[in-house]
Amino acid sequence: MLRAGPLASAALVALGVAAALAGPASWRALTASDAPPALPPATSPALDATPLAEHADDVVDYTLRARLDATRHTVHGEGTIRFRNASAAPVRELWLHLYLNAFKNDLSTFAREPSTGYRGSAVLTDHGTIDLVTLSLRPATGDAGAATDLLPGLELHRTDDTGATDDDETDARVPLPREVLPGQAITLDVAWDDKLPALVFRTGYAGSFHFAGQWFPKLARLEPDGTWAHFPFHRMAEFYADFGTYDVTLDVPESFLVGATGPVVESHFEGGRLLDRHVQADVHDFAWTAWDGFRWRDEDVGGVKVRVLFPEGFEADAERELTAVRFALPYFGRLYGRYPYPWLTVVHPPESASEAGGMEYPTLITTGGAWYGAPLSHLIELVTVHELGHQYFYGLVATNEVLWPFLDEGVNSYAEADVLHAMFGHGSVVDAPGFTVSDHAVQAIFGNASAHEGRVAQPAYAFSTGKLYNELVYERTAVILETLRRVYGDAAMSRSLGAYARAFRFQHPGPQDFIRSFNDGMGGEAAATLRRALFDKGWVDFAVVEVESRPTAAPRGMFDEGGKRTTVRDAPVSPGGFEGWVLVERHGTLELPVEVELTLEDGTRQRVSWDGQGDSVRIPYRGASALRAAVVDPDHAVLLDDDLTNNHALAAEADREGAPRVLERATYWGELLVQGLGP
Amino acid sequence: MTPLIPVETSSILARSRPRAILALWTWEATLGIVLGSSAASVASEAYGRHPDGDAPLFLPGALPLLDLVRHSLAAYGPLLSLVVVIAAVAHLVGIVPSAAALSELAFSSPAGGAPRVRDTLARAMAAVPASFTVCVLTLLAQAGLLLAGVLVASVQAPLSAAHLGDPGGDRVTLAILGLTVVAATLVGVVGDLSRAAVVRHDATSIAAVRAALRVFAARPVALAWAYGWRAASSWLPVATGAVLAARLGGRGGLTLVVLAAFHQIVIVVRVAIRTSWMARSLRAVDD
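Protein chains in written order, with the working numbering: chain A, -5 to 673; chain B, 6 to 292.
Bear in mind the hints are in silico, worked out from the structure with no lab data behind them.
Owing to the predicted nature of the structure, the values given are computational and were not obtained by experimental measurement.
Errors might be hidden in some of the hints.
Between beta-carbon pairs, the in silico distance windows are [to be verified]:
1. 74(B) x 609(A): 22 to 32 angstroms
2. 83(B) x 600(A): 36 to 46 angstroms
3. 295(A) x 74(B): 34 to 44 angstroms
4. 260(A) x 180(B): 43 to 53 angstroms
5. 83(B) x 369(A): 29 to 39 angstroms
6. 182(B) x 65(A): 32 to 42 angstroms
7. 188(B) x 309(A): 28 to 38 angstroms
8. 65(A) x 153(B): 30 to 40 angstroms
The C-beta atom is built at its ideal place from N, Cα and C for all residues, glycine as well.
Work out the full structure, taking the sequences as your base and the hints as a guide.
Below you can see the structure in the form of structure tokens.
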């Protein structure tokens, strides 16, 4: 017996391989659609022919120089901001976002907002600030005289979005001494000092690693009607700005490597310092990182130079991130128009700075994960693809993240799951032998869990918890869009979302533009469903309620014929004929067409379509075999379906199938557990 | 009760007592079925009326499975309670079948064959108090070791990461945790030897532990290897079972029967390997 273990093990391997080759065809049929598509779904020729905007309307240009003190974790910045009034109204004031002040003290809007279920809940151990040193307005072109100091008039915004007064110092109003008429431009000279916070939320430092997002005084966005879309720094959303050109020279210790928005156009060493000049047009933000621990890999992906920055020992992660970019960049390009920039930086922060991971900035994204990757999962690829998708839904389609976060995070979560499915099929999140979990499934479970808790389409600061924000903005939006794709098809989705992404490239669309695109591409019914799901807590739950059939027989009862009444008590049964019905109900407010699959006693299956209108449908049945069961939405097209456990029913006289597979697996696992816990 | 005759040391072999293997498997299968039935009842409630039964729960992507998990939250409390109860039963009441298996291996009837079940059980019951004490002592020692290991690992983690980088730091942490697990396993080996001494020599718990420590100290490598190769090889059938289950997915019918049979063979093989270790322990404490 001592040698029986290995011998028996070898015998079991042989038996296992033999058994694995067996198996009924029904299971293979059930899983026949597992294979992911090898290529992105084709867009329509009309979409492919749609001319893409080459450039954004250049509204605000920043020419900045920033010097990092890597020991004190400070940045001294100075430069100019050129702003053009692109609105239809004169401008008499500016609004500046001083977002690093979110980390100044516990009175900031950021510090006071709920963080339950969201990132960045760690205690801030070292605070951060941004202090303006200079803010002056240059004289108008042709005017003589000195610049006007604007600092004395600067007012920190003390009223939050709900109208309550607060002590937040991230949103500042700057009165102008003269009007800026539509089309006119002004130039500001600025200088400021940053103290970067300890990295507990996106930006700051961890050891010598520095990540600088929201690090400079930044103009809010001027809407076409002349109003400023300005906000304090919120915990869950922060982005909305005008497009422009950023010309930024970063001055860091010479041992550091820099990653930043846009390509390096000049680089040299000077006095023990590295000076990198980055220039990028057609973007609306600029972020950078500097660290003396970075390794890098460069690769050309379809004409885009991709640089991955990562810590030593993270080579495997870097390769996975590059693989994701290699696949996703052309995939996104095919669906939403080509990536217009020549450069993309992917930053993998060290584990001590993991909070800097999972963020998006123009031409720069951050990922994350341990050096040993995420075994049996595709989480590294998921984060990479998600942040890359933001180059479209945030970067190019520059929606207001604070007011309508679903337009970037939600739409992008849909795009992320789409790419991941194309890459990895059903194992897009967990990919273990015999057990896979898809991104679509995860999104459906979390997205549907909060369907009744709040509206998807609401400002970021209106969500009561971070968990609700996550589930409604990210997951539910993605589930809504994936449901529409599955129900109305890839082509309709392409005509809707693909057209939206192209039409609003370098634009700032709102929810109405989004829904209008679906109305145009998918039809009024789908657009109405989309609106209801986003704005009215729309939900749906399909259920099979009854499955009935009986042998077809002539009618019984009393019949008047030829002035004579006859009674038929025992009508003859038609040989081999059955008739009956399946009753399917639709609960909720969303109307979606759906398939119903009828299973007959002889094992055959039939599909019937229901347009989903009305609260229920009674599907008549007539056939040679008795009805055995019915399943509504057998392909799970309606990911929004709130409860899949009521999507099926057996005829009353049919034998229950039970759960033999679960019984077998759970018994086996139970035995292994007992063995593990035994004395 | 018929007096039992100690089996000659070199003849203490698992293969000569298949009844011990069968008894341990029956015990484990019974507890496994209790757990499995509870989980299956949750699945059956939701998918028993699906034309494909619970097959959708095994679909790639896990959408129906996760949906069921979400809608069965109320069932988890009782199910978790059951798992805790089974775990306690497995560990504490499990001392009895374990002692019975040791008795079956260590003794024979006066005629030289396997002892009668009644006699084996009587011998096992007599050994239960001391075996229980040994189990508690072993558990306490293992828990203490693991706690200390986790504490040391977590305290040094930021320091080693700062000096060696994330991969280097994680490797140091992993090494500390690995050594802790090895140490706890060796404590378990001493515990097994102690229980063998309780049954074989009718020793008190303290005397058994002393004897076990003496035996282990005399031949640590040989005993660690004897335990180690058995422990390692017992995972091979589990891995094979996992590969097979992965390949078969949610297939039903005859395929499911084959899988169930295969899984039970895996369990029996593991029981046999465990019984082989029991026999080795009994031989060791005779030295």
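Status of each hint after checking the structure:
{"no.": "1", "hint": "74(B) x 609(A): 22 to 32 angstroms", "result": "holds, 28 angstroms"}
{"no.": "2", "hint": "83(B) x 600(A): 36 to 46 angstroms", "result": "holds, 40 angstroms"}
{"no.": "3", "hint": "295(A) x 74(B): 34 to 44 angstroms", "result": "holds, 38 angstroms"}
{"no.": "4", "hint": "260(A) x 180(B): 43 to 53 angstroms", "result": "holds, 46 angstroms"}
{"no.": "5", "hint": "83(B) x 369(A): 29 to 39 angstroms", "result": "holds, 32 angstroms"}
{"no.": "6", "hint": "182(B) x 65(A): 32 to 42 angstroms", "result": "holds, 35 angstroms"}
{"no.": "7", "hint": "188(B) x 309(A): 28 to 38 angstroms", "result": "holds, 33 angstroms"}
{"no.": "8", "hint": "65(A) x 153(B): 30 to 40 angstroms", "result": "holds, 37 angstroms"}
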